Amino acid sequence: MAGVEARAERAWREAERIAQHGRSPVLARAGDVERLALPGDPRLWMENGTDPARAVELRESFRERMGYTSPPEDLASEPAIVVRVVAEGAPRSGALVDPRDGFTVSLESTRRGWAARWPFSHWPGPDDPAPVLTFDPIARVEAVYFDRENGHPIFPWPHIRATRLSREGIAAKLAVTVEGDSVVAELVAEPVAGPTRTLWCGRLPEGPHERAFVLPSPDVGSLVLRWGRAGWRRVASVEIPGHDAARPVGFGALADGRALVAIGEKLSIVDPASGDVREIPWPAGRGHEAGREFCVACLADGRVLVRGADAGGGWAYFLDPEAGTWTPVPPGPESGTVAAHPDGGYGWLTGREIRRRDASGRGLPPLTVDRSGRLLGFDPSGHPVVRLESGDAVRLNPANGGVVNGVPGPALAMESSGAVVRLASLDARHREVALAVDLELGLTDGSTAGPFRLPFRPFPAEGQPAVRAAIAPDGSLFLLGGTTWWRHAPENDWWGATLERWEPLWTGESADPRGGQ
0 MAGVEARAER AWREAERIAQ HGRSPVLARA GDVERLALPG DPRLWMENGT
50 DPARAVELRE SFRERMGYTS PPEDLASEPA IVVRVVAEGA PRSGALVDPR
100 DGFTVSLEST RRGWAARWPF SHWPGPDDPA PVLTFDPIAR VEAVYFDREN
150 GHPIFPWPHI RATRLSREGI AAKLAVTVEG DSVVAELVAE PVAGPTRTLW
200 CGRLPEGPHE RAFVLPSPDV GSLVLRWGRA GWRRVASVEI PGHDAARPVG
250 FGALADGRAL VAIGEKLSIV DPASGDVREI PWPAGRGHEA GREFCVACLA
300 DGRVLVRGAD AGGGWAYFLD PEAGTWTPVP PGPESGTVAA HPDGGYGWLT
350 GREIRRRDAS GRGLPPLTVD RSGRLLGFDP SGHPVVRLES GDAVRLNPAN
400 GGVVNGVPGP ALAMESSGAV VRLASLDARH REVALAVDLE LGLTDGSTAG
450 PFRLPFRPFP AEGQPAVRAA IAPDGSLFLL GGTTWWRHAP ENDWWGATLE
500 RWEPLWTGES ADPRGGQ
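In terms of numbering that gives the first Met the number 0, the sequence shown opens at residue 0 and continues consecutively.
For the record, the hints were derived by calculation from the structure and aren't laboratory data. Here the structure is a predicted model, which is why all the values come from computation and not from measurement. Glycine residues also receive a C-beta, built at the ideal position from the N, C-alpha and C atoms. Please note: incorrect hints may appear among the correct ones.
[Unchecked claim] Simulated restraints, written as ranges between beta carbons of each label pair:
(1) Gly343 to Phe119: 47 to 53 Å
(2) Lys172 to Ser108: 28 to 34 Å
(3) Ser108 to Val213: 32 to 38 Å
(4) Ala94 to Gly350: 56 to 62 Å
(5) Pro98 to Leu387: 54 to 60 Å
(6) Gly220 to Gly405: 31 to 37 Å
(7) Ala310 to Ser359: 28 to 34 Å
Throw the hints in and build the complete structure from the sequences for me.
Written as structure tokens, this is what we have:
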């Protein structure tokens, strides 16, 4: 009897914790793990408490905070529960195991994390051992969600319950119903050929909504709505040795999953997935000085625009990453920071003037803005986003140069959706103990998402931004950092850099594969 009482007491404490948290159970971070026991459904514990009055109190709390009652008759009618894991790393042989009889379901990779379809008949009762997650290799588990087979959550964390995507002519129409609280979402168009284009990114308040968006081209193959931004998941990492790695560097993401990194007098193409680091020559007669402006812009036609600076001044070339060959760019971009434009071509900011060229290289009329700084990019609507000398970012109206909205704090990079990645905080209690970074998104509608904690080792925070970030065309986040005293060589203590690639995570996704046709 004492054992039953103890189990019931533990169950009540867990149920109370989840009721107070108000969302799906989140597993505490306790370092890297190989096996994790999942929490059971607290509603199943409701009928097994030792104190009836306390059971009633908790039922009311759950009804008020989480929107469901106990027992879960509607859940019992489900043929299966989808256990979805958001984790760092790639659990190649990850599985969900029932300790009672060894029943095992493998985890399958999805855009929303790794998921297992778990038959309801195997879901444990209050007195049964909890299912166990196993990973190989070791992965860091961030959160576990319990979904119905149709993708709707069992625990009603903020989500989109009903979605209708359609297409009429050159317009995409979106009708959604948001439940639980406001939710971050983005709508993207995936054309039959060419890069994916973000139509909108922002926060949807609770309730029903209908919106319309202009399609970038008539050949859109599908419309995808992603919602519930859950941060990023690390998928690859590589260390780059070099004495000058901790000094100011040039850095940019390529479209093929690699990055272009300038460290000291070297220029390298780095593949975090394979670990390959390939040095390439600079353009003839050119180089790069630490601390000088260095930019990389991936254009829609596959070209890479590289802008650097050395003792001879600024320069700009097109790079073929495969061949390592350079082609001069018509004069102009060498005078300022460069960025790709969603309509094709590119632009650059010099002082308070933004100049542009279309995809054919033809010059377009310049735009005068009321702010100067570094051009982070153009959002899907063509609004330039500029990082000021203070580190804050502003989204500008090209028609009058005025500020549409701002993103306070150190702006690091900008996603193709127009969301600005900013450094919210840095866990660097000592210059040699930098453990993690907290990143936040400044959305195009002026709202924010996050912060999201990433276990990433930044550079020592001494006079320079400790974290350098770049966004690839597919939305992947590249982080460049390092550690102090990375490795001890016989002749000296030298530094190294760490390049990591992180994929964005969304807790939900709805798609119209035919574009509404």
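Here is what the structure says about each hint:
1. Gly343 to Phe119: 47 to 53 Å: 51 Å, holds
2. Lys172 to Ser108: 28 to 34 Å: With a Cβ separation near 31 Å, lysine 172 and serine 108 satisfy 28 to 34 Å, so the hint holds.
3. Ser108 to Val213: 32 to 38 Å: Since serine 108 and valine 213 have Cβ atoms about 33 Å apart, the given range 32 to 38 Å holds.
4. Ala94 to Gly350: 56 to 62 Å: Holds: the Cβ-Cβ distance is about 58 Å, inside 56 to 62 Å.
5. Pro98 to Leu387: 54 to 60 Å: Taking Cβ atoms as reference, proline 98 and leucine 387 lie about 56 Å apart, which means the hint holds.
6. Gly220 to Gly405: 31 to 37 Å: With Cβ atoms ~35 Å apart, the hint holds.
7. Ala310 to Ser359: 28 to 34 Å: Holds: the Cβ-Cβ distance is about 33 Å, inside 28 to 34 Å.
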